[in-house]
Each structure stands twice: as C-alpha cells, then as structure tokens.
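Participant: Here the protein sequences come in this chain order: A and B.
Heads up: the first sequence is residues 1 to 91, going by this note's numbering.
Heads up: the second sequence is residues 1 to 256, going by this note's numbering.
Quick caveat, the hints were computed from the structure, so don't treat them as lab data.
Idealized CB from N, CA, C, for every residue including glycine.
Honestly, I wouldn't trust all of these hints.
One side of the interface only, derived from the structure: several residues of chain B facing chain A at Cβ under 7 Å [as the list claims (entries may be wrong)]:
#	residue
1	T202
2	V203
3	L206
4	R221
5	P222
6	L223
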Amino acid sequence: MTRPSRVARSAWTDWYVDGDDSAVFVDDQVLVLSPLATRLLHHVDGEVTVASLADALVREFGAPAGGDATAATEAVVGELTASGVLVEVAG
Amino acid sequence: MDAVVAVEVAGSGRAALAREIARVWSRCLLDDAGATPPDATVRVVVDDDPRLVAQARADGAVASGVLAEVMHGLSPVVTLAAIEHQAGRLMMLHACGLADPASGRTVALVAASGTGKTTAARRVGTALGYVSDETIAVRADGTVAPYPKPLSVVDAAGGWVKQQVSLDELGLVAAPAECRLAGLAMLVRDGAEEAWLEPVSTVESLAALAPQTSYLSRLPRPLHLLAGLVEGAGGLRLLHYRDSEQLPPLVAGMLA
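Using the sequences and the hints given, assemble the complete structure.
Facilitator: Below is the structure:
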C-alpha cells in the first residue's frame, strides 16, 4: 500500500454523516467509514498533508497509547486512498 | 412507476399476443391508452416465419415464434424501459411492495433478483395490496409509484421461460390509489426457524441498500435521499426467515 504524504478528497458522489459514522458513495459503491476515518475526512479541506491530519487527530483524540500517531494516520489515509475516497496529490 | 410504456404488437400472431398482454398486464393498462404520449416504446413480435423473427430481433424487438417466449421477454424489457425513464427522478429499489388496502401504508421487501421477492409478494399479496414484485419507486414526497406487473414464475417443469401470471387469476389484492412507504426490510432467507427482524443503522443501511437500487448515482445527493427514505420508513430491518409462510404476520406487524 502506498503512503501518500499529501491528499485531497476525491470527486465522490455523496458523503452522508450520522454522528460518528458516515458512508461515502464513490466509484459507484457505498463504503461505510469508521469513526476515525470519518473524523479524518472532516479535516481534509482542500489539499492537506498527512502530518497535519495526524496533528489534528491527536488534538481531538490524544496520542494513541503505545503507538505512533503518524503511522496510524498513514494507515487510515492509505486505506481511504486505496478505496478511492482520497486522492494523492503531488507536492 | 409513473411511466407510460407503449407496446407495439406485430407479426402473424399479433391478435393473440395483444389479447394475452391485455389479460396478463391488466393492472398496468391505461384507460386512455393512445391518448397519452409514451415515455418509451417497446416492440413485440410473434410470427411463424423464422426470418421475420430474426429480423425483428435484429431491429431490437422481443420476437419469437412462440407466444410464451415473447411474454417472458416482454416483462424485463418493460421494466427496464420504465426504470430508464425514471433514472434521476425516483428512488428505485429492487423490492416487492405490499400495501394496507385501506391506508396505503406500504412495506417494501428488498432483495436481489431471484432471492424471494416474487414468492413473498405472491404469499403476502393475498391479504395486502400488491404494489410490485420487482421495483418499488418512491417519489420525493415519500409516496410510492406502483408497478403492478404480472408475476414471473418458473413453471413446474423448470423451463427457462418464466410463465407470466395475471394478478387477478392469483387473487392478489389491488393496491389502493395512493401508497406511501411505511416500512422497509431486506429479505434474508437464512433458514431462521422463527422469523425475526434485525434493525440496521442508517449508515449501514446505505451500504446494504445501494446495490439494490437502480441509477442511484443519477439522483442529487443520493445518500441523503436514501437516508431520508430509510428514516421515514422507520429504519431498515433485516428480515430473517425460512419460507414465505412466515412473512404475512411480520409484514402486517410492520404496518401496525
């Protein structure tokens, strides 16, 4: 799985948020997103760096116990990129 | 489904074919047929001449030398024409629908093709109004555009041609003029000894229902529309069951 450093939202069809959960309609399929992925997506406004997303999530949820916030964020971003919800941008 | 589909009948067997279509599709006929401009037109041909049949097929018609084969082919073609006409206008679910004959409150039972819609409609439709066994089309105001097509039933011999059965002959109750979606369930035929209903969250409902819709992406903000429909119907539930005999009380309970 690629580890993009800068991402943006893809041209999805629709995104429905219900509390902590959400579903996104992209590439003709509907994906259910976890609460963490949902929060992350709220922070993707235009083009953003993965490092800034990690900082934003740490501010909201605190640092992961015994883990690396950047690595955890990269993993979620990688999944969202692979499923077409986010797109990697140059820079 | 709020769509007018004209059926042009041709060939040496056209008289018998026209009679059979009028008999079997009786609840879909317009009183003023011919006066209303069609939204789509399909052509059907029954003829003894194989060359004429081949030419008609090449021209896009449903054609055969056998009337039953044309009737079999007509049903999906009419359905597709109506669905294509309503793409981007109505929310269309792959579902059968049963309505309270007095109030018009309607339950939609969602299922993929070949997984129980027709059987459920046939069983429950002797007590509740038959709305459709194929597509439940919901307007923006939550009312349902009925599609009382004939039932397509595999014959006892298991042939590839499904028999088209008149709703009147089966004694299915007619749906009232105005139907409104009041319950939504997805059929899960998993052999449950006691049929039961499992609630599904709105977000999970979107993922479950999306593959059982037609032209969802053509609607504006489709997930928001679908979520509104789900919540307006009291939420999606998975209906676990073994056979259609278990369905009438559960469906009636959803309308209570």
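Participant: A separate judgement is required for each hint: does it hold in the structure or not?
Facilitator: Here is how each hint holds up against the structure:
no. : hint : in the structure
1   : T202 : holds, 5 Å
2   : V203 : holds, 4 Å
3   : L206 : holds, 4 Å
4   : R221 : holds, 5 Å
5   : P222 : holds, 5 Å
6   : L223 : holds, 4 Å
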